[in-house]
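*Asks:* The lines below spell out each chain.
Number of protein chains: 2
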Amino acid sequence: MNRSLDGIFRPKSIAVIGASTNKGTIGREILHNLIENEFNGKVFPVNPKAEVIHSIKCYSTILDIPDIVDLAIIIVPRDQVKGIMEQCGEKGVRGVVVITSGFKETGEEGAKKEQELLEVARKYDMRMVGPNCFGVLNTDPAYSMNATFSKTAPLRGNVGFMSQSGALGEAILDYANKLNLGFSMFASVGNKADISGNDLLRYWHDDPYTELILLYLENFGNPRRFTKIARGITREKPIIAVKAGRTAAGARAISSHTGVLAGLDVGTDALFDQCGVIRVTSVDELFDIAIALTHQPLPKGDRIAIITNAGGPGILATDAVVSLGMTMARFEHRTLEYLKEKLPPIASINNPIDVVAAGGPGSYAVAMEAVLSDDNVDGVIVVFVPPVVVDHRAVIKAIVEMIEKHKNNKTVLGCFMGAPDGIAGTEEMIKHKIPIYTFPESAAKALWAMARYKKWIERPQGKTVEFEVNKDTVLKILDSNTREGRDLIIGKEAMEILRAYGVGAAQLIKVRTLADLKKAASKLGFPLAMKIDDPGISHKSDVGGVAVDIRDQGELENAFKEMKRKFGGPGGKFSGVIVQEMIKGVETIIGMQHDPNFGPLMMFGLGGIYVEVMKDVTFKINPLTDYDAEEMIKSIKGYPLLTGFRGSEPVDIKTLEETLLRLSQLSSDFPIIDSFDINPFIVIGKTGRSKAVDARFILRTGN
Amino acid sequence: MNRSLDGIFRPKSIAVIGASTNKGTIGREILHNLIENEFNGKVFPVNPKAEVIHSIKCYSTILDIPDIVDLAIIIVPRDQVKGIMEQCGEKGVRGVVVITSGFKETGEEGAKKEQELLEVARKYDMRMVGPNCFGVLNTDPAYSMNATFSKTAPLRGNVGFMSQSGALGEAILDYANKLNLGFSMFASVGNKADISGNDLLRYWHDDPYTELILLYLENFGNPRRFTKIARGITREKPIIAVKAGRTAAGARAISSHTGVLAGLDVGTDALFDQCGVIRVTSVDELFDIAIALTHQPLPKGDRIAIITNAGGPGILATDAVVSLGMTMARFEHRTLEYLKEKLPPIASINNPIDVVAAGGPGSYAVAMEAVLSDDNVDGVIVVFVPPVVVDHRAVIKAIVEMIEKHKNNKTVLGCFMGAPDGIAGTEEMIKHKIPIYTFPESAAKALWAMARYKKWIERPQGKTVEFEVNKDTVLKILDSNTREGRDLIIGKEAMEILRAYGVGAAQLIKVRTLADLKKAASKLGFPLAMKIDDPGISHKSDVGGVAVDIRDQGELENAFKEMKRKFGGPGGKFSGVIVQEMIKGVETIIGMQHDPNFGPLMMFGLGGIYVEVMKDVTFKINPLTDYDAEEMIKSIKGYPLLTGFRGSEPVDIKTLEETLLRLSQLSSDFPIIDSFDINPFIVIGKTGRSKAVDARFILRTGN
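Top line first, the protein sequences correspond to chains R and H. Just so we're aligned: the first sequence equals residues 951 to 1653 in our numbering. Just so we're aligned: the second sequence equals residues 951 to 1653 in our numbering.
Source of the hints: derived by calculation from the structure; they are not laboratory data. These figures come from a predicted structure and were not determined experimentally. Take these hints with a grain of salt, some might be off.
Copies of the same chain look alike in the list, so a pair counts if it works inside one copy or between any two.
As the list claims (entries may be wrong) - The calculated DMTMM-like cross-link candidates involving lysine to aspartate or glutamate, where the alpha carbons are at most 25 Å apart (straight line), are:
hint, residue 1, residue 2
1, LYS1636, ASP1492
2, LYS1534, ASP1499
3, LYS1490, GLU1186
4, LYS1128, ASP1234
5, LYS962, GLU1434
6, LYS1381, GLU1408
7, LYS1101, GLU1377
8, LYS1442, GLU1418
9, LYS1469, ASP1502
10, LYS1584, ASP1492
11, LYS973, ASP1341
12, LYS1421, ASP1576
13, LYS1604, GLU1446
14, LYS1604, ASP1492
15, LYS1511, ASP1499
16, LYS1516, GLU1161
17, LYS1054, GLU1291
18, LYS1565, GLU1537
With the rest of the complex left out, here is chain R:
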């Protein structure tokens, strides 16, 4: 078992330094919370100006405390924190939680002071939460520690919650209580000077009481470590995350095509996706899903049954299920027979089952029995809108009994609408861990997340493949370019890089004269394509710098003359053209953009207009596994164009996958490559004959 943070979360004695009796101060609230929650250990207030606080003997400094102190909570003014931490170190404290703010979040000076705290912590081998945080808590009765200044006493439960925002701490604890969601541990990590989200993930991975991890993130300290850690956890415990700041990345200046498309926070999406973290966009969604995950078994699939006593909410639930991409279960024949026999004729027996307003406990029992016995059903949403004449308690009892009878064999979520003072009897549902939502959309979203998580668990792990490549050739090309201060590699050299890594690349020949043109054509054979060879022109087709599908010598010469006329300078100066084999197939784009947080982000999509206008592309973080490559290709909207659309030949998907993996390897091998676009990479049906037609690599420059 991982004990790395025991000094923080499993102390036997706590000093509250900066404790105070003044109501409304943080120093008072934390002390109060520790005592009120009956921390299972000793609490020592520390404050040189008081003799006793909250009826407890108060010490001038931590050094005056005669007992061993495991954890210190520090709430003194900013400039005293360092000195206090020195004392903690001397005292042999194992963990400190620095509530005080005014550090990195305020600018350079604060950052320096924060660094000093970190150094003290390292010197004495103490772990530190904060500074600038809301505190920590552990509901395990062996500790029963609420070292936060929250006004809400959290419930015990199996959720580990990490919040990067202190301000959200109170809101989160309050909201969770209202929803009856309990925590195993909670930590507001503040500036994350020492203890980061990654540390908590590893700690909670091993904590027997934590079954689900919730994260509120604003940024990643070390996303690559996060990926590794999260991947290890999510097959055992689900992680749900709100990552704020979806739209912040847009501002960076970006030079590659892939980079422009990657602007909108796709890195985070890719990251979460690749390590099985469920991403949600708001705090209420986070909790809606958390409650379902902690209280109900995972559904085997996404075939949902809905039971309702009111048409409208039943339709709303159906809409939500279908629009989230789940399936409305098709009942087995015997289910329909059973429902037909047992429900009154006015009821609707197809999914959604509508027992109508008159449907009481008997009808609900029948419907529940039916869907819980049906092998075509994976999850159930029970909608109940209490009519005046029906006994709520009896209905709820019937629902609960059926779930017990079937031993919680399927995921069941309640959606109870209306009734001004709440619906009598819902405590029975809560007691039996059946989550209740006010709106059908929330229940559907929770089921969706559970089904998705289930799929993740069952997804093959995928493996990284190592190809034999010609690394030296690439090294030489990159070296010669950097030596000469060039950061853009195009044309022949770009193609050579690809070939060195076993990626198909079209033959091309540089041509300046009509005589060369003839030779090139006879070497490459028709049809041919021709491009103006001028690094100054980046979107060549915009200016008529590209001619394609040249079928014979006549067309070739005309195209050449036209280029010369258009782009030739005064006095017959002409930079020449590139002639290359014309490959007819489906245009794709493969790209990479180095993300400052996530490292190389690989992109795949259909080329040309699909990428430019339709933005039909997908991203994953490097390195790719074979399964990742397969998924990337399958996930684009235009995938049917690759599998043979309207009579066209299906392309060689295997080679495409391999190409992605080889380029993934290239990206890992040469971090100096900041980005590349292979646009287009043309895929055809013939095995192994798909080829890059144009490629550009951009290297990272000196500063």
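Fit chain H to the given chain R structure using the hints.
*Replies:* Positioned in the frame of chain R, the structure of chain H alone reads:
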């Protein structure tokens, strides 16, 4: 003023027929609600088995009541309703509300009985709400009528609410109360036998107390009337609707391309869009937006400022604003100067303004002053996460005062998070009509809806254009087809229909022999396209039945021989090919599918792969205005391909618009056309030279 439903909503005396003293019965609850809410008029309980109910003299039948009765609420068993209504008619009652259920919603017999009620109502010139409903209410103190069996007493306000679901009635009233949202009138319309949503819309259009209309709909009685009525209202009063059943339409068997794409409830979306109704997907969204619309002025645009005292929620709000397509306001220079001068240096002065946790009333006042004075700001979200040390009341007072000082010149919404017992002082916000949300996403969504509505109000109305066309030609073609029992019109005839309506259509010539082929080519000129002419083959290119870009006689003959080889039957039998002029341009698709609810649904999109794989199409309900046509073209994702993408020539959009309008006219003129696909309609740069290359019309058949 519209008085059509005064008998229902503005009665001076009400009979409750089926009134009862038994708690838990509807007959007791309605009587109780009328009295409890102090209905401003006389209430007469009617029940043959009682002498007095609820301390009020009870009558055996309505005929025994000595006074005039305006409205009767009927709660008797189903089979007595008709007789009771006869008595109401004799008594001269003007309106009845039939709560009793068991009518159309239960099947054929019930439907028959419902029809009988309607006949009684018509006979006596009474208006009827229901049957199978939850009741009606009018909060105007002149009436103060709560004729529902709700347990929640609704607040007075300016919202008219129509619910098609009775079951949702209670839930809606309860939820509205919690949100402090008041109603002018409320009606649960049940089976809509007589009074429909459309009637209520017209009634509330003229009601001076109703400023906003909310609808919960499950189906449309008469969508074309709805369109007309709603369009007339939405420029004066906003309408927000939840339309349940988004996904129900998918099941219909559909033969046209347009029809398949139209499967997913696009009709409702198009309908709401074209008449300015704001569509939401859930009841909570409905209320989030309603509160903002009733309490705050409309924003001038969508440039939003965010003020926060906590980083996390500020980022979440920013994310929500941006991901809804709104703009984060760029502050004026003087605003930044002002903020820099007046806020402590630790605060962040760029949008979102972060006054940090220590920021009290002073900081909020400064930030509010700044954004409310800034001409670049249209709407404001004020986030407040109450820290322990700040006086909530003072902050709220500062916010409210600034809004008053600036005379409500901008839309301001609050997002207050946390605090277990609510945040002290929020009643001050509510009093000043500043909506408060728990999560930033809800506030952003409300602002988004308001900005969208504002845009609708300012949108040009658009007008329907009438073109001179050759109706007779079309009539003849359709007649001859229906006479001969053909319901599919393709090829030459389809093109003739288009030409008769002034829509460009490619020349095509049917060819069976090599000799004909030569003649056709010399008539049409190269390049040419060739298609196998066999009505049995619907996706010709899938089977190699299409050859394009044929450049000379040699290629032409080869293509012909190939077709003959592929598709010719035994013994040289060959149905021939169509040769037609090859038009190079951008492929679009224009289609129409007759929707059983909405009539002709017009579709536009990019053709070929864009429609088949990318589904990049848009729908509107016929008839189109000129503005509609313009909007359709602009709204597709691939629009840049029409305006000149990467050096290609911009196409003639004017002709495209006109083509849509001409086809809209065709669809209106000939309801017998069930659907058509013009696929592709090729648009080019040259004015008026864009042309349909292939078209198929499907006619409605006899049964």
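*Asks:* Within a copy, between copies, both or neither: which one fits LYS1584 and ASP1492 at a CA-CA cutoff of 25 Å?
*Replies:* between (31 Å within a copy, 22 Å between copies)
*Asks:* Can you give me the call for LYS1054 and GLU1291, within, between, both or neither, at a CA distance of at most 25 Å?
*Replies:* This pair counts as between: shortest inter-copy Cα distance 22 Å, intra-copy 69 Å.
*Asks:* 25 Å Cα cut-off: does LYS1381 pair with GLU1408 within a copy, between copies, both or neither?
*Replies:* So LYS1381 and GLU1408 fail the 25 Å test inside a copy (30 Å) and across (54 Å) alike.
*Asks:* With 25 Å as the alpha-carbon cut-off, assign the pair LYS1490 and GLU1186 to within, between, both or neither.
*Replies:* Cα proximity of LYS1490 and GLU1186: none, with 51 Å in one copy and 52 Å across.
*Asks:* Regarding LYS1636 and ASP1492, is the shortest C-alpha distance of 25 Å or less found within a copy, between copies, in both, or in neither?
*Replies:* between (31 Å within a copy, 19 Å between copies)
*Asks:* Measure nothing new, just compare the shortest in-copy and cross-copy C-alpha distances for LYS1442 and GLU1418 to 25 Å and report within, between, both or neither.
*Replies:* For LYS1442 and GLU1418, only the intra-copy Cα distance (22 Å) is at most 25 Å; the inter-copy one is 60 Å.
*Asks:* Pop the pair LYS1534 and ASP1499 into one bin, within, between, both or neither, using alpha-carbon distances up to 25 Å.
*Replies:* both (9 Å within a copy, 16 Å between copies)
*Asks:* Using 25 Å as the alpha-carbon threshold, which applies to LYS1565 and GLU1537: within, between, both, or neither?
*Replies:* both (14 Å within a copy, 19 Å between copies)
*Asks:* At most 25 Å between CA atoms: does that hold for LYS962 and GLU1434 within a copy, between copies, both, or neither?
*Replies:* For LYS962 and GLU1434, neither the intra-copy (63 Å) nor the inter-copy (94 Å) Cα distance is at most 25 Å.
*Asks:* Within a copy, between copies, both or neither: where do LYS1604 and ASP1492 come within 25 Å Cα-Cα?
*Replies:* The answer is between: 24 Å across copies meets 25 Å, while 33 Å in one copy does not.
*Asks:* How would you classify LYS1516 and GLU1161 at a CA-CA limit of 25 Å: within, between, both, or neither?
*Replies:* neither (68 Å within a copy, 64 Å between copies)
*Asks:* Within, between, both or neither: how does the pair LYS1604, GLU1446 come out at a Cα-Cα threshold of 25 Å?
*Replies:* Classified as within: same-chain Cα gap 22 Å, cross-chain 48 Å, threshold 25 Å.
Checked against the numbered hints given earlier, the structure breaks hints 3, 5, 6, 16 and satisfies all the rest.
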